[in-house]
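Letter by letter, the chains look like this.
4 protein chains.
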Amino acid sequence: MENDNTIRRLKTVEGHMRGVIRMLEEDAYCIDVIRQIQAVEAALNKVSAQILEDHLNSCVTTAIKGNDPKERERVLKEITEVFEMANKV
Amino acid sequence: MENDNTIRRLKTVEGHMRGVIRMLEEDAYCIDVIRQIQAVEAALNKVSAQILEDHLNSCVTTAIKGNDPKERERVLKEITEVFEMANKV
Amino acid sequence: MENDNTIRRLKTVEGHMRGVIRMLEEDAYCIDVIRQIQAVEAALNKVSAQILEDHLNSCVTTAIKGNDPKERERVLKEITEVFEMANKV
Amino acid sequence: MENDNTIRRLKTVEGHMRGVIRMLEEDAYCIDVIRQIQAVEAALNKVSAQILEDHLNSCVTTAIKGNDPKERERVLKEITEVFEMANKV
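First to last, the sequence lines map onto chains A, B, C and D.
Note that the first sequence covers residues 17 to 105 in our numbering.
Note that the second sequence covers residues 17 to 105 in our numbering.
Note that the third sequence covers residues 17 to 105 in our numbering.
Note that the fourth sequence covers residues 17 to 105 in our numbering.
Don't read these hints as lab results, they were simulated from the structure.
The structure displayed is predicted, hence computed values, not measured ones.
Check each hint, because a few of them may be wrong.
Each pair may be met inside one copy or between any two copies, as identical chains are not told apart.
Stated by the list, open to error - In silico DSSO-like pairs for lysine-lysine, Cα to Cα no more than 27 Å straight-line:
no. : residue 1 : residue 2
1   : 27        : 93
2   : 62        : 86
3   : 93        : 62
All chains should be modelled from the sequences, with the hints used to inform the complete structure.
Pasting the structure below:
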């Protein structure tokens, strides 16, 4: 369910990106192209946040409520890792 | 020329993004999807930097050497704007 | 305990920032100043990730194991919020 | 002149950061600390953009109008580099 929504949003972003490629093919102004690439990235950030939210409410919650400390540690470590990477891209 | 290279790189990123959509359709693990989206963004950042470099060496250089102070001001303002936005996406 | 470590790291970053101010007072080259500001930001990102990791292993784990669904929802929502903001700064 | 303004703004950010350290010393809520660190980073981004703008209007303009192609190339390369790094921090 949530997946369908995420897929739909990513397909929109993909369409946006094809638009950027078309701009380049038609020799659009460089700065306009950069701005559109940045808009694509902003849209990707929103999709990532949505996926993370779903993940926290499903897998992470299950792992923390569960009895496997290794698994709990693993899912929490992953959250920190994608957070760190979010700061970098 | 530079455009051809940029278009080719963006098409690769577009292929990467279709791969991410496929991952979602095949119910891949959320964190793996987020990591791939972040990889797409890192690739987009590199393409943006390439476009900016070409732009600085062409349009910006021409405008600064030219005699139109308004035009010079405009191109420099744009550089600051995409730099500010780069900090945000 | 973890707090002491975080405080120490932030004090180091604060010292770094005083160094940047000194560079400006001594008319350092603009690009070198920008690079140092970016280094300060990279250090802040690392501290944030450390704080988030501690938070996930303490408050978040407690809330998810606990019996208050509102509280659980709240802590998870916050993670998504700081993740979204991490993409923006 | 512009320097004085930049120094004043960075000193404000430094004060903000001391506030964050105080929050940690007083055991503030982790997420509130992370949000304040992100606010510090947003402020640093604004200062960087201001410094870049001043730099474009002074050193970069001089180098491009000048007769040293090596120097022109150097200053333009630096802009691309800080832009790339802005995407990462």
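Hint check results:
1. 27 / 93: between (29 Å within a copy, 25 Å between copies)
2. 62 / 86: between (30 Å within a copy, 24 Å between copies)
3. 93 / 62: both (21 Å within a copy, 14 Å between copies)
Hint compliance for this structure: no hint is broken.
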